[in-house]
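> First to last, the protein sequences are chains G and C.
So the first sequence is numbered by our numbering: it starts at 290 and just counts up by one.
So the second sequence is numbered by our numbering: it starts at 755 and just counts up by one.
For the record, the hints were derived by calculation from the structure and aren't laboratory data.
C-beta atoms are modelled at their ideal positions from N, C-alpha and C, and glycine is treated no differently.
Accuracy of the hints is not assured; some may be wrong.
Unchecked claim - Among chain C residues calculated to face chain G with C-beta under 8 Å, some are:
1) Asn784
2) Asn785
3) Arg795
4) Gly796
5) Leu797
6) His799
7) Phe842
8) Thr852
9) Gly853
10) Lys854
11) Ile856
12) Phe857
13) Gly858
14) Gly860
Said to hold, decoys possible - Derived lysine-lysine pairs resembling PhoX-like cross-links, with alpha carbons at most 25 Å apart:
15) Lys333/G with Lys824/C
16) Lys386/G with Lys316/G
17) Lys360/G with Lys316/G
18) Lys333/G with Lys780/C
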Amino acid sequence: NAGVMQNPRHLVRRRGQEARLRCSPMKGHSHVYWYRQLPEEGLKFMVYLQKENIIDESGMPKERFSAEFPKEGPSILRIQQVVRGDSAAYFCASSPKRGGSYNEQFFGPGTRLTVL
Amino acid sequence: SQQGEEDPQALSIQEGENATMNCSYKTSINNLQWYRQNSGRGLVHLILIRSNEREKHSGRLRVTLDTSKKSSSLLITASRAADTASYFCATDPTISNTGKLIFGQGTTLQVKP
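Kindly produce the complete structure, drawing on both the sequences and the hints.
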């Protein structure tokens, strides 16, 4: 059973370009969470999705960031017109359940975004 | 403000010694989870402890949870050089109802051979 997969592992973009980060959850998991980790900091929640639905996007910046989890295919985190401050590691986690006492989340290896 | 705060921020010990890391949080939780992150890598899930549990063991790891003090501790016994990593606690607040995790800043552990 493959774990959570993220690609690319490293992504370099110039200011103003778009970044697309992909996440394939573990088999059987329909709940996906995205987190961002700035250098020397802990992870910060961005968005929580189920198939075809955004459930909680309270951690997403209001502009330039969007996320989707289509019926088929991976979850996508999209950053438009990237700026240097977007440079960070972006982690995806999946879970078989939503919330509650048994919500163990399994993390992918992350995508490290560098904006030049 | 931080939901989870770890203490100490950095810890350096000799191989074979025990390492204790503490985590404090502010709001009521469904569960608390500990993760390990090696430098530049992803997170590895270590232990999940539910709000109605007080202690949990997994190999050389022991986690305690005191909901009255809103704190948890992670004990690594007989440490090894391979335990060198950053350790994060993460809480699942009852108020959110979405399962999103709130992470602390982490404790950086160095185990010297």
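> State for each hint whether it applies.
Okay, the hints, checked on the actual structure:
1. Asn784: For asparagine 784/C, the interface hint holds, since the closest Cβ of chain G sits about 5 Å away, which is under 8 Å.
2. Asn785: Holds. Min distance 5 Å.
3. Arg795: Status holds, d = 7 Å.
4. Gly796: This interface hint holds because 4 Å falls under the 8 Å limit.
5. Leu797: This hint holds: leucine 797/C lies near chain G, its Cβ roughly 4 Å from the closest one there, short of 8 Å.
6. His799: holds, 6 Å
7. Phe842: holds, 6 Å
8. Thr852: Holds, about 4 Å.
9. Gly853: Status holds, d = 4 Å.
10. Lys854: holds, 4 Å
11. Ile856: Holds. Min distance 7 Å.
12. Phe857: holds, 4 Å
13. Gly858: holds, 5 Å
14. Gly860: holds, 5 Å
15. Lys333/G with Lys824/C: Between lysine 333/G and lysine 824/C the Cα gap is close to 20 Å, so the pair holds against 25 Å.
16. Lys386/G with Lys316/G: Holds, because 13 Å separates the two Cα atoms, which is no more than 25 Å.
17. Lys360/G with Lys316/G: Judged against 25 Å, a Cα distance of about 14 Å means the pair holds.
18. Lys333/G with Lys780/C: The hint holds at about 16 Å.
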